[in-house]
Structure formats: C-alpha cells, structure tokens
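Trainee: Model the placement of chain B on the given structure of chain A, informed by the hints.
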Amino acid sequence: MEVYLDNSATTKVRREVVEKMVEAMEVEYGNPSSVHRKGYNAEKILSKSREDVAKLLGCESHEVFFTSGGTESNNLAIRGIVHSMKRNGNHLITTKIEHPSVLNVMKQLEEEGFDVTYLNVDNHGYVDLDELKNAINDRTILMSIMAANNEIGTIEPLDEIAKLKRMKDKFYFHVDGVQAVGKINIDLKNIDIDLLSISGHKMHGPKGIGALYVKKGTKIKPILYGGGQEANLRSGTENMPGIVGLGEACRFMKDNFIEYEGKLRALKKRLYDGIKSEIPDIHLNGPDIDDGAPQILNISFLGVRGEVLLHALEEKGIYVSTGSACSSHKNTESHVLKAIGLSHEYIEGAIRFSLSVFNTEEEIDYAIQVLKEKVNFLRRYKRR
Amino acid sequence: MEVILIKYGELALKGGNRSFFENKLVRNIKEALKSFDGVKVEKTHGRIYVETSNNAKEAIDRLRKVFGIVGITIAKKVELDLNAICDSAIEVMRHHSGKSFKVETRRPNKSFPYESIEISRMIGGEILKNVDDVHVDVHNPDVVLNVEIREKAYLYSDTVDGIGGMPIGTNGKAVVLLSGGIDSPVAAWMMMKRGVEVEAVYFHSPPYTQERAKDKVIDLCKKLSEYGQDIYLHVVNFTDFQLAIYDKCPPKLTTIIMRRMMMRVAENIALKYGAKALITGESLGQVASQTIESLYCTNAVTHMPVFRPLIGMDKSEIVEISKKIGTYDISIRPYEDCCTIFVPKHPIIKPDLDDVIKGEKELDYEQFISSLEIDEIKVKS
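Residue numbers (my numbering), protein chains in the order written: chain A, 1 to 384; chain B, 1 to 381.
Next up, chain A with everything else stripped away, as it sits in the complex:
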C-alpha cells in the first residue's frame, strides 16, 4: 500500500485541476495581453480564476496578484513593502519559526541595513503577544507572521496580532498563509491583514503558481519589472495553466471547506490516538492535538533517528518527512523545533506527518501498524 503523508511538502494534483490545465494549454492557449479573440478568451479565464482565488480568501479579485508560488509571494510582500516604506522606518518584525522564504529575505535585509526583530515562540510554537507589542516602535514598517507553521502546525493568533497594528500608522501586516489557506478559516473580510501569501501545490493545485493578496491601498513596489502585467506589480506573461489550476483548486477548497476540515481533523486525531496507544515514549511537538492545523502532526519517537525511521517507513510505502533537515548534524537541525525548546534527542527523533483529504482511515491504520513495528525494531539499535 502507498500512503502519502507528506502533504505539507506538496500535494497530489486533483484530476479536475489537471483537466482544466490541459485545456488551458491545448485549447485556450492565448496570451491574455493579446488584442485578438484568442487573447480575449484567455483574459476571461484569467479573471474567472482570480475571482475563484478571491472568493476563497474573502477579498476582492483586484486584490489578488498571481506569482510563481509561496516563495515569490513572501519575497514580493516583504521586499515590496520595504522598498515603498523605507522613508517611514527600517524596522521589521518576524518570528523565529517562519519558512526560509521569509527568514532568508529578512537576513538579506539585515545585511542591507534594516533592523529585524525575531520573536520567540513558546513551547507550543505560539508567539508572545506582549513581546510583539514591546517590539513595535515608531520605525516599524512591517510585521510578517505565518498563519500556520509548516513543521508543527501551530496556528498563530492572527486576530490578536492584527489588532496591534492600531498602535502605529503606516505599518503593514504580512501573513504567510501557505500552509493555512484551504485548511483553516482565514476570511479577509473579518481580519485586518494587508498581505497574504498562498501557494497552489499545497492545496492539490500545480507547482509553480501562487498568489499574493494585497489589500487595496497598500503601498507596495514590484520586485520584477517588465511588461506591467498584474497591475504592474508582477510583470511576466501570465502562467495561464498554473493560474487556471490554482483557481480551480481554490474553488474546490471553498466549496468543500467545512467537510474537508472535519475530515482532516478526524484523520489526524485517529493517527495520533493510534500512535499514542501503540507506541510508548513518544512526544507530541507543537500545539495540543485539537489545536493546530488539521493536516499537520509532528511527533518525536525517542531513541530513534527520524531519518532512519523515515527510510524504514518508505520501504513499506509510507512517505513522511523528518522534523529536522535530513542530517545527523546538529547545525542543520530544524530551527522550528529548536525554537520551541526541544532537546537534541527529541529533535533527532521527530517525524512530521502531513495529511490530505485523499488519505483514508485504512491508510492511517496501516501507517500506525507499520510505525509500531519499525519503531520497535529500530529501538533495538538505538544509540547505546
């Protein structure tokens, strides 16, 4: 049996999405910028896809800008704001557990002379609102905080964080929503977020496409210059197959959100309960089991090396990822697991299971049985 439990890395593309993309390549292959009918048809499709994305996010379609994916959306949001807001200040706020596409931009900006505050998180991965409040000063121009953590699934209190914006004028809030949108409820009508990144391939859409929500009136500059597509914010001929695929993926998520969220939560709970009752000496990393993103479960198996377990599971058709980077070396340990204060021994034994609605109860039960067998086996060879 093949059981894919690495959906935070990427997901399988839905059949309906593939069909729409094929049509975009074989039939409606026009360039939306072309003046003729073929271009006009493509433009129509483009608008429809933009609406589908906007509906899922709860925003206006002219606030949606297509990019090449989550990484570009995060880069564009941060660099775009920094460029337009330089005169208002040089201070940025983020957390220690962001995705590298945020953290590495921040590091680069530090080299360029910006001040960056990296907020600590508690042992469940939540940011400390008081620390955040104290960090905000009159030079702060942007805070970038993820919605759901990709390794441990912590859902940050975006509502509370957004309220802190009132402390200062001309201060933007960017949210990396890559692991959250479609899985947890983020409705931009109800929450004061200025910029939000999403990615197609994390929700059964294609790779190489994403979008950035930019609230109307936000001062942002492009990082790519060219033909002026996407209202001048993101030049480059539109990736039509990708855009159509993302639109379709978002439409499906919107229509099925409630059912899907419930199903994911139930599968995650089943997996966790099974592991807990069958395997001793485990540790849940991140928030309590009922909190956190419904698709992410991070567990340390004490006395086992995560990477060794990963490969042992792989042999039985089960695909997971390690909580830490693929290495036994301490300096490449997961920055997220370190930030929540896990000791080396726990970090070394961490496995991330990430689910999708394509997973079944049968698969989960199979995974539990194989885990039990492999963990028992490998514990015989634990470092003595």
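A few of these clues could be false.
[What the hints assert, rightly or not] Derived BS3-like pairs (lysine-lysine); straight-line CA-CA distance at most 25 Å:
1) Lys133(A) x Lys170(A)
2) Lys323(B) x Lys316(A)
3) Lys221(A) x Lys86(A)
4) Lys20(A) x Lys48(A)
5) Lys248(B) x Lys372(A)
If you are wondering where the hints come from, they were derived from the structure by calculation, not from laboratory data.
If you're wondering where the values come from, they're calculated on a predicted model, not measured in any experiment.
Mentor: Relative to the frame of chain A, chain B by itself:
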C-alpha cells in the same frame, strides 16, 4: 601547423623501464582524446606531440587531467629552415600581448648547422626588426619564446602546467573504500596520481541510506574517471550485516568492528579482481575510528598493503584538494552514509585488539561475507 606539445619530464623510473611508462602515457593520452577527430600522437625524445583537427584548447583541458604530464603547450611546427622559423617566431610575437621577450633555443638535432645561441640571436634580431614595440629582456621577460630543433622545428611561448604524477596503470591496481564523504575520493585520486588503477567499493544500507547517497558515490566515481580510467564501483548491500553487528557485538565496539568487516569485504573484492592493495580516506585522529589504536585493529584483518594517503593531512588540506579535483561539491551533498546510520553514543577511542576479536566472536562474518549481494556498476566519464 599547430601541434600540442606535451612534456612529461622524468618519469620517476627510467632506464630499462622508461619506455613502459612512456607507452602507457601515450595510450592514456589517446584514451583521453578518443572523442576528438584526427588525433595523432607521436613520441620522440622526451616529448609527446599531439595533433587533432578539433579545438586545441578543449584538447588541452582534457590533457590537464592526464597523470604523468607536467606541461602542455600549443606549438608551431615548421620546416627546419631558418627563414621559416623566423617567420613563425615573428608571427608568434605579433599575436602575443607581452612586450619584452627572450628566445631560448634547444637543439637535440645536432645536424642543424647552427648553435643554439646563434639561433636565438638570429630569431631575436628578426623579431626586433619586424615586430613593433617589443624589446629584449633576458632577465624578466613577459614572453619566453622557446624554439626546439628536432626533425622539425617547434616554437612555443606559454606552457600550462600538467597535473604531474605517473600514468595510470603503471603501478598496479587497488580497491578504494568510498563513503561519499570528502576524504575517500581525495585518497583515491592521490593514488591514481601515483599510477594506480582503482576500483571502488561502496557500502549501501537500504532503506536507511537512500538511493541519493548511492547516486552521490556514482557521481564521485564519474568525477574520478575524468582523470583517465573507467571505474568499476562495487555496491555492497550491507544492511543485514550491519544490523547483525549491532545485534551481536558490544555497543562500544560496533564502529570498529564494522570497519574491520568493510576491510574484509574490500579485500575479498580486491582478490577477485586482481588488485593488490586497499585505499582508505583515513586521516589520523579525525574520528574515533581513526586513532592509532583503531587503525591497528582495522589493519589487523587485511593481508594487503593499505594505502592511507591522507593520514597526515589536516581537514582543510583535504578540502582544498577535493575542491581542486572537483569532488568537493559532490561530497557535501547531505545524505547519510552507512557509517552514520547506527552510530554508538560513545565509540571507543583506544580499542584493544583482543577485545575487538572477542567482540566479534558471536558474529558469523564469514557466512555474511560470502552471501553479500554486490552490484557492479561501470562508471565512465
């Protein structure tokens, strides 16, 4: 016409054996240039001349990886006629950016009716007459124009360094234990440089070591094979053996016992394929299995010489060589090898041979060694 002139200096063993080394070098040069068109390789008096209808620069890049060559240059080959030689010399200087020059002549062909010094003087005079804006500087010239008088005359100015060493195949065959790390490919390369033909053995522990780790070792072999030989890589499926070591041997000794088993397996492969030595990337004191006491225990299982060319080198020196030979970027890909999968918490630093022999008593290693699955992969550059 242009030819590539190859200097190979004094191949260490001269006298009666010299032609053996020279012939091997010629064969290796032909092999390195086998994809080139119209290659002619000729050997006379301590020089090898290569002609090819392809781009000579590309050929030189290839030749810079052939062990045994100390210098390579593009030379003009002209008739033994003073006017022709002078014309050619003038042309060389016209196309050279250097302003000061001197001419150095060598005349192995004593039938040419002028002495070396006379020839240099005449050529120099002609250059000064015919090329604008150049002058002679015998002490610190921008250009040394070399003229060699043989059956034909050869003129050349810029020599690039060859890689040196001895032609591969002139010093027998050895089996190298390749782990995928930085050290072992460097060790293999250093022995290849001494003329040793190598075969490689890699210990694979699926599923705990991934296919990517194996691919990495294949890529390392590919990089090494650019230095003049196809490499046979023996991939040993080591998982069950390794697990048995952990089941049956004392925890503190598992690493040293695993090393001994690897040596035994490698020696078996060496015997089977006519190799007479083993090569490892060990460097004294680098890790617990590389202390003198550990090496003593590891070494005790083999009857062959074990070459450890890195034994006295620092990591930074090894890294420097690996960068130079092009293996570094491959070696640092972050995949686990079988040595790091089930490492004991506290490996013993000074093992005692008697304890180690006792420690592996429960292990029926001869049975394991005879039943190992070994895949052979031929890696070409």
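Trainee: Checking each numbered hint in turn, tell me which of them this model violates, lowest number first.
Mentor: 2
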